[in-house]
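A.B. asks: Spelled out from the first residue to the last, the chains are:
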Amino acid sequence: MSGKPSRVWLDITGIVPGSDGAVFAMALAPALGRIVDTRLCIRRPGLDEIGDAEARSLLKPVQRDRRTDRVAAAVRARVSSLRPDLRRALSRAARLQLHALDSWQAVLTRSTAKPTIPVLDTMRDTARIGAGDVLLMLAPAGDATRFHACGARLALLLAELLPLCRADQVSERQSQEAALWVRTTLQALDATMVCTAEAASVLQDAGAADLPRIIAAAPTVTAMLDPGRAGGTVLALGEIGLGGNTLMLLQAWRELLDEAQPGAGRTDRLPTLVIAGPVGHLSSTILAQLRNSAGYGGTVRLVPDPSAAVLADLLVDARFCICPAAHEAWPRGVIECQGAGKAVLAVAASTDGEGIETGNARDLTARLRGWIAEPPALVAPVRRAWDDVAGEIMSVLTR
Amino acid sequence: MSRLWLDMGDLLSFAAEFRRPSGIQRVLFELGSTLRDHEAAAGRVLGFCGRGVDDGFVELHWTEIAAVFDRLSADGPTPRRTRETPFQTAWRTQIDAMAAMAGVALAALPRRRRRSGTGQAKPMAPGDVLLVAGAGWAESGHVSRVGTARRTGIGVVLLVHDIIPLRRPEWFTPAETQRFGAWLDGMLEHATGLLAISAATARDLKAHLIARGEVGREVAVIRLGDGFSGVSHDLVARAYMPTRPFVLFVSTIELRKNHLLLVEVWRCLLASRPPDTVPLLVFVGREGGLSTDLMRQLRASAFLDGQVKVLTDASDAVIAELYRRCSFTVFPSLYEGWGLPVTESLAAGRPCLASLATSLPEAGGKLARYHDPLDLAGTTRIIEGLLDDPAALEVWAEEIRGGFQPVPWSRAAAEVSAASWSAAMARRGDRDGSP
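Chains as they are written, first to last, in the working numbering: chain H, 1 to 399; chain A, 1001 to 1435.
Worth flagging that the hints you see were computed from the coordinates, not collected in a lab. A quick note: this is a predicted structure, and the numbers were derived from the prediction, not measured. There's no promise every hint is true.
Stated by the list, open to error - Below, in silico cross-link-like pairs of lysine to any residue (SDA-like), each with a Cα-Cα straight-line distance of 25 Å or less: (1) A:Lys-1309 with H:Ser-284; (2) A:Lys-1206 with H:Asp-37; (3) A:Lys-1366 with H:Arg-362.
Given only the sequences and the hints, what does the whole structure look like? Please build it.
C.D. replies: Structure follows, in structure tokens:
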């Protein structure tokens, strides 16, 4: 990289709607815009400039396809209204039909979850990106090397890590896009930036070199908080699903429940566990467990896709926080908690500090047990402005 | 002379729904087979019963029970493709659902014939003992049927496998948990004797009894037999054996069994070792509850690029051959009532790395080795140790072959018989409806 870019094209291609990466993109764009001419864009296959509202529309959580939900509800209602002996005989067939509907759901969601904004002229804007411009990608997706031919420089600030390190925990399309990006674009990057040590390690394993780790990232909702209040809940932040390691958290919580209620139904010694975050790709097992157990006897509350205001309230109410995700490109949960002045337990691999061992629910149980018995003190809030982050990015893009 | 009756209704209704037996059906069949001989040796005749058309008990014949079980445990395996698109998955699951619906319709016809033909009603006599050792909660009207028998002076002995739906409701639908809880409480009202298949299950059951206000009610622990009878060693089974070293996990694929832990362990192994030093991981079992995310994850990774193999429909002969040929077996389950795959592994002379949870240390004793099912790194280290030291693994296998004393099912039958008669006698007259 050399010279200050005349314009930054902030490329949100490959960002998962509703994910923390989406929050990251929408928070970064205005901050960068205060320093340099910044345009939000997507590649499909040319470069489409999109407005802020369009970007928000693209990045909001994907709604489930309700058609299969309605059919599933009808099947469940029909089976439950049958005579017990018939219900027994039909239960497996009904279960398989519900399983099939779940599979159709995946097919329908894939086919309907397309960008909602019209593609005006996909190649028109390609001409507008040119020498002196920087295409700043936030996710590994597709082939971006053709923009080199326009004289643009290619940069990456990784906000989506799972497609690179856990192809089994993202959609098939995401993993294919990421594989294409690694084959074509990774080696052509002019600048690569990461927020976490794990992201750096994953990119290095994929063949990247020269990885300045410059971004400590910034809180998004903590500006709304009045720090210094100790709440009564335990707040878990991060993607809800296998990718967010929610299963490990629920295993640990079950251990604590067993200790708190030795066969007698006592749950009053445990605080409420609030799990908040975007609903991830592999979440049906988690959601079913919460549904089946009525939120583990009322001790677990789920808050999917919380708004900034709701998240701020949850942070205020929290006694302490947990961020169980094992792979983080931008450890949003940790940063939000630190910004709120709350102590946070996080998986060591996804953050820098000493934390929970990856995949060790026993370790998490012990830590939770200790913190519930002796709640950690509030800590001094650590807050950082997005403008500082944007400044760091610009200094790398200018080098 | 008083008779012991074994309730086999669950086995028959299970066979109408599923193609392969689960642990409970295997135990029920082995108990039936050996109790029959045991009672005959004692000069008694073991009766078999199931649900009649009028929701009462009818006598069943051993030959028809054996025929049903043979059908469940025989046939060749039908390995399934391991890589599909979402559209193919949707079609496959849709076809499975349609096939299941067709199966319901087909199963209805022979069942009606059987009920009206061979199953002639033969009321049990006062003083007889009814042993309920199956999954009665899956049968409609089971508690009321048992209650009716109890009111006519029949002793009722309940063999409890586990009470997992009450201990871990998150793994079952609310309807399943409610059905199981209602069945168990109803059975506890009628039962004159309680047996459990492990000390762990007995502990859980006693805690449940205390919660019901029944402090001090006795629960006898029965040691199940090891291994299963009638498994043929055939050439067809050998044709399905992996051609390279493999580690075996036999279990229904469901969240409780903790397949996810093993997938993560294998990911760690593949990240840290040359792929040719990592054995194949073979899962044997049908897809059960809460397995959707696991199977999606496996398909998305092309079954860890071929390092994981799933056999959903293996016959008993194939399973027996897999036990004989595996490097070792694993059983990382989070909650069990006993641990049949652990004892099956030891009976086949193969080392077993089992979870420390609940009853599994009882099942595996000193010859199995254990890991914490909630600790990924710890489990990975133990498995790496086994892979790195094949000589030690062989020594372990030798210890098992030399030291494992299988409990014959005949002994389990004798224990069940003695406990049933004594529990029925001890409580006779204590409870409502006794003669």
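A.B. asks: Work down the list of hints and note, for each, if the structure agrees.
C.D. replies: Here's how the hints hold up against the structure:
Simply put, Lys-1309 (chain A) and Ser-284 (chain H) have alpha-carbon atoms about 23 Å apart, close enough for the 25 Å limit, and the pair holds. Among the hinted pairs, Lys-1206 (chain A) with Asp-37 (chain H) is inconsistent with the structure: their alpha-carbon atoms are about 71 Å apart, more than 25 Å. Using a Cα cut-off of 25 Å, the hinted pair Lys-1366 (chain A) and Arg-362 (chain H) holds, with the two alpha carbons roughly 24 Å apart.
The structure does not agree with numbered hint 2 stated previously, though it agrees with all others.
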